[in-house]
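Residue numbers (my numbering), protein chains in the order written: chain A, 159 to 569; chain B, 159 to 569.
Each statement offered as a hint is correct.
Incomplete in silico selection of chain B near chain A, CB under 8 Å:
no. : residue
1   : Val176
2   : Asp203
3   : Glu444
4   : Gly451
5   : Tyr463
6   : Ser464
Hints were generated in silico from the structure; no laboratory data involved.
Positions of the beta carbon are idealized from the N, C-alpha and C atoms, including for glycine.
2 protein chains.
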Amino acid sequence: MDAEIIAVGSEMLTPQRVDTNSLYLTGELNNLGVEVKTKCVIGDDLERLSDAVRRALSRSEIVILSGGLGPTEDDMTREAVALALDRKLVFQPAIAEALAQRFAQFKRAMAEINKRQAFVIEGAHVLPNDRGTAPGQWIEESGAVAMLLPGPPHELKAMFERQCLPRLARMVPKQIIRTLQLRVTGMGESDLDQLIAPVYKKYANPATTILAANGDLQIHLRARCATAGEAEVLLAEVGGPIELLLGDRIYSRNGDPLDVVVGEMLRKRHATVSVAESCTGGMLGERLTAAPGSSDYFLGGFITYSNAMKMELLGVAPETLDQFGAVSSETAEAMAAGARRRTNSTYALAITGVAGPDAGGEDGPVGTMFVAIADAAGTHVAHRQFLGDRTRVRTFTVQMALDLLRRRLWR
Amino acid sequence: MDAEIIAVGSEMLTPQRVDTNSLYLTGELNNLGVEVKTKCVIGDDLERLSDAVRRALSRSEIVILSGGLGPTEDDMTREAVALALDRKLVFQPAIAEALAQRFAQFKRAMAEINKRQAFVIEGAHVLPNDRGTAPGQWIEESGAVAMLLPGPPHELKAMFERQCLPRLARMVPKQIIRTLQLRVTGMGESDLDQLIAPVYKKYANPATTILAANGDLQIHLRARCATAGEAEVLLAEVGGPIELLLGDRIYSRNGDPLDVVVGEMLRKRHATVSVAESCTGGMLGERLTAAPGSSDYFLGGFITYSNAMKMELLGVAPETLDQFGAVSSETAEAMAAGARRRTNSTYALAITGVAGPDAGGEDGPVGTMFVAIADAAGTHVAHRQFLGDRTRVRTFTVQMALDLLRRRLWR
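Chain A with its partners taken away, still in its complex shape (with noise of 0.2 Å):
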């Protein structure tokens, strides 16, 4: 079965606007094992967006409309629905009841002008709002479903979720699907794929995807099959050899960031961590206490830009800043070992480097990093050379320094 889905209103043909609700009506119609095969949006325009109501009737089975059902002049998804199928709008005085209640409720009039959200399409059911005042409408005509849906996400989610999705349930034949989903870091997109490629291509079942942010990769791995057995042998079999290519590189396994993972296995261990950040300012500070008690595991941390607060607050000897620099090995290492100390931490993750977009001068080229880890065993160091803008060379050097820790705590 087929679906095309219709955002209307003139305020999502903007430059700032996204359709993030044909985001999440994919995501459900994909798990039913629908394809979205068009979508649109259309302006506040009768001829427009009756014209398209009508073609998308006439070549998929599910078409699927959000906004342009509140009660000014500029919404007209109704009327145009009505004109595309050619029925008439008839008003529902309960609706207009319920509506004149829900204001009531908050202590307020009911503008006149409301009661164009009352009319409803002949022969459609109408779908209760809990969240808003617009109904929904679920209009079915020659094998064929159209649904008009509120505009503003969490209404819309709501009323798809409980009324659209258990009626789609009963239209669409059955289909069991099953995902993998495999999260990598330290290697780039192109690596990836290229590695992995010659595995996943061979098959249309599982759809695989790639999906590459801030130095973080994941893998979907989709399986359509009639049974859950059937869905679970195909994605072992793609997914299998996959995870074998990639080794170590995979860090999750079920969908959970590398913060996370890194705050997970520190608690099993009861070990705790501290960071010294020169260049990222307090970003893998941040990152380490993004997840809820993450005060578990993360002691503190120093954010120490100049030289002199690397000598104060972490105790850098001021030889090794004259001989080496703020940018090298030597001074990582110092700092990571002045973190660990100053707060008796079980590992301490220091960061220096050149996050441009001046040039480093004497630190070297824009982009290098340093990356220490001291722990009871000692220190090491990573050194990676990054390409890119301030934002991706600070954000790439943070997961990097995750990943070390990580690598850290697994051996």
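Using the hints provided, position chain B relative to the given structure of chain A.
Chain B alone, transformed into the frame defined by chain A:
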């Protein structure tokens, strides 16, 4: 003049992908005074695509397609547009030759399949692609124009800017566009809208847009007029009263974010700042160091998650923590004073609070936040109760801390 945008490719119809090309194109078209009336994403389906192109060209003067120009079977934008216009595809040996040279330059042999990219729709102008292999095409037909652009954003942008914009500028009636951008913090989006809507609602020109993210609000006014003078007058007529209503809640008139504004103020005064963070874990330091050159004014900071760290690193007195608790006005003050003392900075900001999601117990409910600022004159504490999840609470608190410093610097 009206425009439609069509993004091509089944990979754009997944739950993860968003068509960002259309946002860029909409912005550029709006700048020319052209409105986007419809935008669509269509999968790799020749019939659907050619039908969409035919209908778009029948009602809009400008139709822009992105993607589907690659060398594989899936790439069918050329065929679909040729079909829609009932024109032939013509093989251009010169393009094939240029492609082969490009491959040779990267020391790779060109696969036979790449020759598909050398087919051009009869009567089209070829748009060379200096950032990729797929050339674009510009086709005029009965007063309308269709553009075929490559999908990768950096290829599309370069081609559109250099080759399409100048051609479009000759087609579109001249308009002058002037914008006013105000950035505001310290109030909610609906409060802001309620305050200024009575002013801007009276005007369709300038068009007003309000964007909200992470406690930060942006107001964009866009005036379109025949002359720059008229546009400036219109902006003053609407922008003036808005600025008056918002007063010192406006922190920027040139688009600079709050951390940059604060950084500039510190730099001008030759002042420095340090931070002491509890529940934000480094996020304030990260914001203050996001701008290049922040080492001019940012000295360093302390991430003190535990009570022990607050005492150890910042010298917060045990009695203060015992008597008032870690989440208190008194502890925030002591943290700020401690950070300032230890770094010798002109200003110090400190944050302590309950970011959640677990209830704070004796520390008060989730979202309780104390932000302190210390300088030579003493310390000052602000208290707020934020709603939302951990990320939202932390982000809003950091924004509040930056605003506290801005207000102190303005006095």
